[in-house]
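Chemist: The task is simple: from the sequences and hints, build the whole structure.
Quick mapping for you: the protein sequence lines, in order, are chains C and F.
The numbering used here applies: residue 1 is where the first sequence begins, and numbers increase by one.
The numbering used here applies: residue 1001 is where the second sequence begins, and numbers increase by one.
Hints in this document: simulated from the structure, not taken from any laboratory.
A few of these clues could be false.
Label-pair ranges, simulated between beta-carbon atoms [what the hints assert, rightly or not]: (1) F:Ala1199 / C:Glu218: 25 to 35 Å; (2) F:Asp1186 / C:Glu6: 21 to 31 Å; (3) F:Leu1193 / C:Arg172: 26 to 36 Å; (4) F:Asp1145 / C:Asp89: 26 to 36 Å; (5) C:Ser33 / F:Thr1097: 49 to 59 Å; (6) F:Ala1199 / C:Ala92: 36 to 46 Å; (7) F:Ala1183 / C:Asp55: 49 to 59 Å; (8) C:Pro60 / F:Asp1145: 43 to 53 Å; (9) C:Gly157 / F:Ala1101: 17 to 27 Å; (10) C:Gly81 / F:Thr1097: 49 to 59 Å; (11) C:Phe216 / F:Glu1056: 21 to 31 Å; (12) F:Glu1056 / C:Thr182: 29 to 39 Å; (13) F:Ala1101 / C:Gly209: 53 to 63 Å; (14) C:Tyr244 / F:Asp1113: 26 to 36 Å.
To spell it out: a stretch of chain F is covered by chain C in this simulated footprint if at least three of its residues, at any positions, have a beta carbon under 8 Å from a beta carbon of chain C; those stretches are [claimed, not checked]: (15) 1003-1012; (16) 1097-1105.
Glycine included, each C-beta is placed from N, C-alpha and C at the ideal position.
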Amino acid sequence: MRAFGEIAERLRRSTVQVFPDQRGGGSGVIWTSDGAIMTNAHVARKDAAEVRLWDGRRFPARVTSRDARRDLAVLRVEAGGLDAAAVGDSSALRPGELVMAIGSPLGFAGALSTGVAHSTGGGWIYANVRLAPGNSGGPLANARGEVIGINTAVINGLGMAVPSNAAAEFLRQGPRPALGVTLRPEEHGLRILQVEPNGPAAGASLREGDLLLGSFEELTAALDSGREVLPVRFLRGERVREAYVRLGARAEAA
Amino acid sequence: MANELAALSNELAAAVEQAGKSVVAVHARPRFSSSGVFWKPGVIVTAEHAIRREEEITVTLPSGKNAPAVLVGSDAGTDIAVLKVDVEGAAVRPAKTAPVAGNLALAIGRSEDSGVNATMGIVSAVSGSWRTWRGGRLDHYIRLDLTMHPGSTGGLVIDVSGAALGIATPALSRIAGVAIPAATIDRVAGEILTRGHVARGYLGVGLQPVELPDHQKGLIVLSLEPKGPAANAGVLIGDILVALGGKPVADTDDIQAALEGHAVGSAIEAGVSRGGAVRSVAITVGERPRKD
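Modeler: Right, dumping it as structure tokens:
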């Protein structure tokens, strides 16, 4: 029987540690043998990072693409012949399938957690595996050792992963359009807490404190509709106003 | 690249898919939904503690559609509630035998948003008949070492073959989740369906265990409900109950056990010690008043 150990070892060699700075880091998955590494945007929080392979080799890496909405980032290292992970089809994953996660939770490099897929829905994979900070950005794999998700967060004790199909689409097509704001859901809309300088929202004169009218789901659907210019209605003070946000074309990932 | 691990994984997923056809999401409390199981055609069994309202209960069916459900009745003692829906549903296949400690088990729930869900672990302990702290009796104590999320409370616990071990509840034990066994569900749900509730035997006495001079044990009557079953049979405060249903009694568990096997409304033989002499008294067992 091809045991967990053997499959996990192969997966471990495709998993890297990512250090954006001295404050500790997360994990990443070697996506292509020529140096593309998938991780979380919240792990690759700077423009550059140090990547450590399973065998101790270290490489400087730069962030080539980032999608905050998906919490994904692509890092690139100047190296060839890397042990790329086998990437599976996340849409084929069923609840109850055995899954395993590799990462460096709490600083233990190459640590393995196992469990079952809990559910799939809302564009995420939920897994009944124990994760900790340091698993972020690392692989969630099925019983064949194929990567089916990028571990991203722990919600109510469940591991939450971005499906591999979404990661593959991100690598192929670049980040999804975004407003360039930080939002907090409120009763009547979404409050803008922060506006990214030079981002699409800033270009449309949206400001911190404005209340976007509508739900998060409506905004997501509008952003993904393919329109380049998005009309948004918002409340500033007592008045409802309208602005047109130029989202720009979807950039090709470098 | 087929391997045995992948084969096991596929089997688990297939068992979840099959069992998931019997599992619904139950909307009967604020914030979190819970889960329930088609135990018989049109009958859903779920965890009583997750039912927080008696009206406007709905369920999300395996098809994804929502349907109204009617609360037939519930039993807090065993944490079982029974709902009826106008849909047949796919009834579960109960396991023929109780599991043993170490068997793999899966807890299957459903949510409206993401459909069926599963967690896996092992059966960590199994024993015979067990009285819960809520006062009900389970035919087996099946302790589970698996994560039970709030949304899968009341969901189905299966073995790897997909057979139903019972219904998942975290409310009957402080240390672990428990599967309410299939035999208990058959018994309690059956009674709820015929009667609307589970009738529990009642004597109408307040008892305190005491040791008698001859090292026998018994329970002294400290209070008596006026016109209650025991009072009507002539029992007095200060009497000591030494036997019930032909068996000696030493504590309140013995009393409950004796009443459990006894139909409400029929007479039970009680051995009562008064002034040093034991006499036999026939008490017509009443029904324990219920909080409504």
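Chemist: Next, verify each hint and record whether it holds.
Modeler: We went through each hint and held it up to the structure:
Taken as a hint, the range 25 to 35 Å is violated for the pair alanine 1199 of chain F and glutamate 218 of chain C, whose Cβ atoms sit roughly 53 Å apart. Separation of aspartate 1186 of chain F from glutamate 6 of chain C is about 45 Å and departs from the stated range, judged on CB atoms against 21 to 31 Å. Between leucine 1193 of chain F and arginine 172 of chain C the beta carbon distance is about 56 Å. The supplied range of 26 to 36 Å is therefore violated. For aspartate 1145 of chain F paired with aspartate 89 of chain C, a C-beta distance near 32 Å keeps the hint of 26 to 36 Å intact.
In this structure the hint that serine 33 of chain C and threonine 1097 of chain F lie 49 to 59 Å apart at CB holds, the actual value being about 52 Å. Between alanine 1199 of chain F and alanine 92 of chain C the Cβ separation comes to about 51 Å, which falls outside the hinted range of 36 to 46 Å. The hinted window of 49 to 59 Å between alanine 1183 of chain F and aspartate 55 of chain C holds, with their beta carbons roughly 56 Å apart. The hinted range of 43 to 53 Å is satisfied by proline 60 of chain C and aspartate 1145 of chain F, whose Cβ atoms lie roughly 45 Å apart.
Range check, glycine 157 of chain C to alanine 1101 of chain F: Cβ separation about 24 Å, and the 17 to 27 Å hint holds. With their beta carbons about 55 Å apart, glycine 81 of chain C and threonine 1097 of chain F fall inside the hinted range of 49 to 59 Å. Distance hint check: the CB atoms of phenylalanine 216 of chain C and glutamate 1056 of chain F are about 27 Å apart, consistent with the given range 21 to 31 Å. Between glutamate 1056 of chain F and threonine 182 of chain C the Cβ separation comes to about 37 Å, which falls inside the hinted range of 29 to 39 Å.
Judged by the Cβ atoms, the range 53 to 63 Å given for alanine 1101 of chain F and glycine 209 of chain C holds: they are separated by roughly 59 Å. For the pair tyrosine 244 of chain C and aspartate 1113 of chain F, the beta carbons lie near 33 Å from each other, so the given range of 26 to 36 Å is met. Three residues within the 8 Å Cβ limit are the bar, and the region 1003-1012 of chain F against chain C gives 8, so the coverage statement holds. Coverage of a stretch by a chain is defined here by at least three residues with a beta carbon nearer than 8 Å to that chain's beta carbons; for the region 1097-1105 of chain F and chain C the count is 0, and the condition is violated.
Violation of the numbered hints given earlier is confined to hints 1, 2, 3, 6 and 16; the remaining hints are satisfied by the structure.
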